[in-house]
Amino acid sequence: MPGEVIPYRPVRARGDDTAWLGMVIFLGSWAMMFGSLFFSYGVLRLRQPAWPPADAPPLPLLLPLVNCGVIVLTSVALQRALVAARRGDRSSMVRGVFAGGALATLFLALQTVLWTSLFTSGLSLGDGSLAAVVYGLTGFHALHVVVGLLGLGLLLPAVLRGTLNAARNNRLRLWVMYWHFVGAVWLTMALLLFVV
Amino acid sequence: MEVSHTMSASLPLLLSWISNPFVAVGLPRDASESGWQIDEMIRSTTIAVSILFILMVLWMLWSVVRHGPEHKALYDHGADFKSWRWTALVAALIFVVVDGDLLYRSTRFMFGTFFDFARAEATPGAVRIQINAHQWAWDARYAGPDGSFNTPDDIVVLNDLVVPQGVPVIFQITATDVIHGFNVPNMRMKVDAIPGTVTRMWFQPRETGVFEIICAQHCGANHYKMRGTVTVLPRADFDRWAQITSINSARAFDGKDLEAHWGWNWAAHARLQ
Amino acid sequence: MTSQEVAFDRQTIEALQPIHPPPTTFFSKYIWSLDHKVIGKQYLWAGLIFLLLGGTLAMMIRWQWGFPGQPVPVLGPTLLRSSGGVIGPALYMQLFTMHGLIMIFFAITPILIGAFGNFCIPLLIGARDMAFPWLNALSFWVFFLSQLLVIGAFFGDLGAAGAGWTTYPPLATNIGTPGSGQTLMVAAVFVTGVASIMGGINYVTTVIRLRAPGMTYMRMPLTVWGQFLTAILNVLFIPVLGSAALLLLMDRVFGTQFFIAGAAAVKGGGDPILFQHLFWIFGHPEVYILILPAWGIVADLLAFFSRKPANWYKGTVLAMSAVTILSAVVYGHHMFQTGMNPLLGQGFTTLTLIISVPAQVLFLNWLRTIYKGSIRLTVPMLFTLGMVFVFGLGGLTGLYLGAAAPDIYLHDTMFVVGHFHFTMAAASFLASLAGIYFWFPKMFGRMTNPTLGKIHFWVSSVGITLVFSGQLLVGYAGQNRRLWNPFEYELFRPLQPLNRWTSYAAFILFFAQLVFVWNFFHSMARGKKAGPNPWEVGTLEWSIPSPPPVHNYDAIPVVLRGPHELSDPALEARLGRDWVGQAEVVPTEATGTVPLVQRGVT
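Protein chains in written order, with the numbering used here: chain A, 1 to 196; chain B, 1 to 273; chain C, 1 to 602.
Hints are supplied without guarantee of correctness; some may be wrong.
Straight-line alpha carbon distances no greater than 20 Å define the calculated EDC-like cross-link-like pairs of lysine to aspartate or glutamate that follow [unchecked claim]:
1. K372/C to D116/B
2. K72/B to E488/C
3. K314/C to D80/B
4. K225/B to E488/C
5. K225/B to E490/C
Which residues of chain C face chain A? A partial, calculated answer using Cβ under 8 Å [stated by the list, open to error]:
6. L16
7. I201
8. T256
9. V266
10. G269
11. L274
Please keep in mind that the hints were generated in silico from the structure rather than gathered at the bench.
The beta-carbon is built from N, C-alpha and C at its ideal position, and this holds for glycine as well.
Same shape as in the complex, but just chain A:
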């Protein structure tokens, strides 16, 4: 229409924000995936008259709780690495990334202990819905921890070389978001599977 002034939404300059949005959408998608798995757990659990089923070995509580702590510490370490990167503090950033990696590896080691203890106490993979849920969900989550470790590995050259710095640290930010997600999933999973 003649003479009309058309409103226009300003574009934020940083392409980083676009990548951030993509990551948020991806994590939303993956939240639906884990949400479906939790839904499945709920359906299977409600169908059984008793949970855990009477003939099943008792589920451990200590190990999952310890791992909750470990994964929270992983997130903390990596978040501190990100903050350090933004500050330009290279040595703290490197320390944080290595600490995060080490803690994540510890998480996987403890999960392996959890699985072997369950197996030796008599819960094998085919033992009904309890086994399916416990092994299946924790196993799938562990896969995501492995992927996260691979991500940290991919970041390592940039971290060590210093190409990740105060101005350019979006890749680190994205992987740290991923790690927070993985941590939140574990906390929910541990609560639903082992506590409640």
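Using the hints provided, position chains B and C relative to the given structure of chain A.
Just chains B and C, lined up with the frame of chain A:
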């Protein structure tokens, strides 16, 4: 392949199909007491959607023929209230009339008939059958004279059920291996047979005759052959059949054949509360 | 900020989408291309090839129903030698399983969403490429990998997958369909899901972030709305399918018991119905995923070829959004026969009937768009009108199935098959063809042959209507689905002639596509060269050459109006034509100056 034979045999059908498809390929015979409700829903919906369909076609034809390239297009976004109000009202009208009618009738049928197990169970003389579907046949069990399932006098048949006319026939159904679908089109009833669950359905036969059971859920290579029959007999004939069959079953009863005793406690799954 | 201040910063916008030097090597141009237009074409080829495969499988199914137990011509002597050319019951279940899975995931999805989404979204919103070009290329090759898994499934030790496209356990576990074929197909579905999620992330982010200045949400072509809403559904609900596929794979490969019950259950076992919940929470949004892009394309093309704006654009957007939001809560109507709680069934019935209301609104908008238009029956318009016809018919048949009571009789009959073939297969297929014929000049720089296009349209539409009406009719008479030989049952023997005639129509439909194949390839090589805007419409992609340069727009356009500004009398008088571009600068009458674009709120 005898092409000419097939062509000549199907030509009359094609002609009748073109002229009146619903005569040539109509709903199967309804031999049940309540099936007419479903038929009525289907028929009234058919009338409504046929009218809407014809209106749609006429509208499109009119537009294409009368508003072709020589017609001057009307620059209208249809965005003002008076314009879109029309659209919204028509959609609402169709929803209330067509969808509303269907919703009402469906609700009435589901709650008044389909789920009215209490009435069916309370009817004296109602027949109860447990179905154990498996690849690829229908095991059926009646309670027998003692009224309890999984006892020596149970009538156990394979694929060929016999039921009396004029009383509810109530089914509790499960499967052992994969999901099957217990389906009796002439009674307008079907329900899935699911391993690990007991599903239920009931119908009341109105007419005598032999009707087919057709598996309605893909269950493997021989899904197409998972056929059974429901023979509806007058009450007296059914009672006689039940008596004789029960005696035969009791004679053949083998206490050690645990797999044959797949029946279950009826009341536990009747869910009458 | 005063109102005279021109606030949009061209430098900033251009910096967000820099023009890269075009690729030079064969590998970077055609194999690992970061250009959304090339990736779109890759999806198109991949989809068309599998469309042919899926169609061939359908012809084999139709052969079996038309001529049960007879040797199949051509394919029998070559592929089915061990059975004397005859399709047996075990092969038959693989045919309908693979047909369904291939058509949905490996044909329609790549064409309607992969090809049109990729090709159209950046062009139509005035962007140079997707938000994540590298992820885009990766998504295609992950999809390609899933197609390889499908091919692999055909060579499974016990044949291809055979549990139906719905893959219900326990039939889909090792109890019902042992062998690597079924496992590979479940894996293929998981992998294609990953590709779809990658694509979905890209589409959503691109639409949110990379719209040109002035391209508000309410000025986007409806094609983009369709793709945007589909991408949102993909991102949200493919993961649910992913979880179902994952758990099923665990049952098959690791011996878990998520879905195994009955005689094979150990220590309580699992729940087969859980799979159905997961599958249909995905599955119902999936049918909207497959139709929303078609709705968008149709709404745009009806406006373009009626030479008037799409009727009540906002209503169509609201309707499409309402369907998107409601899509997941109606899923239970696929499970009416599982013995669900009556109140739950009533809820699903009510919601399913409600979701038809927004669909009616957008359908009425289509009808009002063409009314009082100046309709040009080009080939894309013919296919668009065809889609309206088949979708109207198919949508109406959904009424019977949405209410729990009539569904008792109609569930698992060919009526359901006819319904979804009309609404999903026919409508998406015709819309895809409308889109192909419409964007062909932009993709390949040439026009297709209109006469061949019209022949293709008429034979296909008549064929489609006959074939799927045939399915509706035999379903109405009670013929169940997935029966190798329906005529085992006395009830269905009278339906044999009708089945045979439907098969004849299907064969004609199949072979009519050869006209399209010829037209497509011949026009690509020898078609009349296309100008930038052969259809005389105003969306942004028609303001640049056909085909566009790699970077699309030399300067990011500034959008001044909506996508269907056709037959505006004021502009028609000034410009001497009935269309005006979305970014076209038309000097104002009074002041002779150019309208300003100002910082503000969308």
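Please verify that hint: V266/C, Cβ, nearest Cβ of chain A, below 8 Å or not.
-> The hint holds - V266/C has a Cβ within 8 Å of chain A, the shortest such distance being about 5 Å.
Could you grab the alpha-carbon distance between K72/B and E488/C and see if it respects the 20 Å cut-off?
-> Violated: K72/B and E488/C sit about 59 Å apart, past 20 Å.
Sort out whether E488/C lies within 20 Å of K225/B, counting only the CA atoms.
-> Roughly 7 Å between the alpha carbons, so the hint for K225/B and E488/C holds.
At a threshold of 8 Å, is the proposed contact between G269/C and chain A supported by beta-carbon distances?
-> Since chain A brings a Cβ to about 6 Å from G269/C, closer than 8 Å, the hint holds.
Identify whether the interface hint at L274/C stands, where standing means a beta carbon of chain A within less than 8 Å of its own.
-> OK, holds: L274/C within 8 Å of chain A, min 5 Å.
Does the nearest C-beta of chain A fall within a distance shorter than 8 Å of the C-beta of I201/C?
-> holds, 5 Å
Against chain A, with CB atoms and a cut of 8 Å, does the hint on L16/C hold up?
-> L16/C check passes; min Cβ-Cβ to chain A is 6 Å, inside 8 Å.
Is the straight-line distance between the alpha-carbon of K372/C and that of D116/B 20 Å or less?
-> violated, 53 Å
Take a quick look at whether K314/C and D80/B sit within 20 Å of each other, Cα to Cα.
-> OK: K314/C and D80/B at ~11 Å, within 20 Å.
Should the hint that T256/C touches chain A count as held when the rule is a Cβ pair under 8 Å?
-> Status holds, d = 4 Å.
Hinted pair K225/B and E490/C, Cα distance within 20 Å = Given pair K225/B, E490/C holds - Cα atoms ~12 Å apart, limit 20 Å.
In terms of the numbered hints stated before, the structure departs from hints 1, 2, listed from lowest to highest.
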